[in-house]
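*Asks:* Chain residues, written in single-letter form:
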Amino acid sequence: DVKVTQSSRYLVKRTGEKVFLECVQDMDHENMFWYRQDPGLGLRLIYFSYDVKMKEKGDIPEGYSVSREKKERFSLILESASTNQTSMYLCASMEAGGETQYFGPGTRLLVL
Amino acid sequence: GDSVTQMEGPVTLSEEAFLTINCTYTATGYPSLFWYVQYPGEGLQLLLKATKADDKGSNKGFEATYRKETTSFHLEKGSVQVSDSAVYFCATGGGATNKLIFGTGTLLAVQP
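For the record, the sequence lines run as chains A and B.
If you read the first sequence in our numbering, its first letter stands for residue 4, the second for the next number, and so on.
If you read the second sequence in our numbering, its first letter stands for residue 137, the second for the next number, and so on.
These aren't lab readings, by the way, just hints derived from the structure by calculation.
Any given hint might turn out to be false.
[Stated by the list, open to error] No farther apart than 20 Å at their CA atoms in a straight line, the calculated lysine to aspartate or glutamate pairs in the EDC-like style are these: (1) A/6 x A/29; (2) B/235 x A/102; (3) B/235 x A/31; (4) B/235 x A/65; (5) A/6 x B/178; (6) A/74 x A/98; (7) A/16 x A/82; (8) B/235 x A/41; (9) B/192 x A/102; (10) A/74 x A/59; (11) B/235 x A/62; (12) B/235 x A/33; (13) B/196 x B/151; (14) B/235 x A/75; (15) A/74 x A/29; (16) B/235 x A/54; (17) B/185 x A/102; (18) A/21 x A/82; (19) A/56 x A/98; (20) B/235 x A/59; (21) B/185 x A/98; (22) A/60 x B/138; (23) B/188 x A/102; (24) A/58 x A/102; (25) A/74 x A/33; (26) B/235 x A/98.
Chain A with its partners taken away, still in its complex shape (with noise of 0.2 Å):
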């Protein structure tokens, strides 16, 4: 079974602190993706990566960059995190060619 996991479950930072959020699978997949879910609006994808070092904006990269040094880690920072970044994070992955994305079981992020 494809495992994605991510560093933390909830987390509480306040205005203005960097904020890394880790997200590692276990399948050896070439794409990775975060995406923040909000009420009434959905999943909606921040970046995503189709190999180590490669990165393209999604829909809404404003506030957020990522990193991809390793092929099972993906990271998403908030260089400076606003009360609007307050989200559900989720991750996930999928094999180069394939149609089914895994997800993690996402980070509930708190900004104050």
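Starting from the structure of chain A, add chain B where the hints point.
*Replies:* Just chain B, lined up with the frame of chain A:
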């Protein structure tokens, strides 16, 4: 651009009732269509998918048929259980883009 519209929730049903959750899409080309489910406190997992017109995806008693003429992919189940209580997301995408476009999600609550 591509988009997905699904019925708003919450949908509240009694156990053994019939379920329909409507989903329509707009897309260029011939995308694959998906239903993902998110149980309380968990990430999303694929429920079923269909890759071409008239295909029927099915899993765990749920079904959805890819209707190109009506651009729809409605989710149905003949007899829901309390354990089906979750948020259901319709999505379109796959292929060369590797990206999925999600609907806003529909919360289903099944009462005993």
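*Asks:* Which hint numbers doesn't this structure obey?
*Replies:* none
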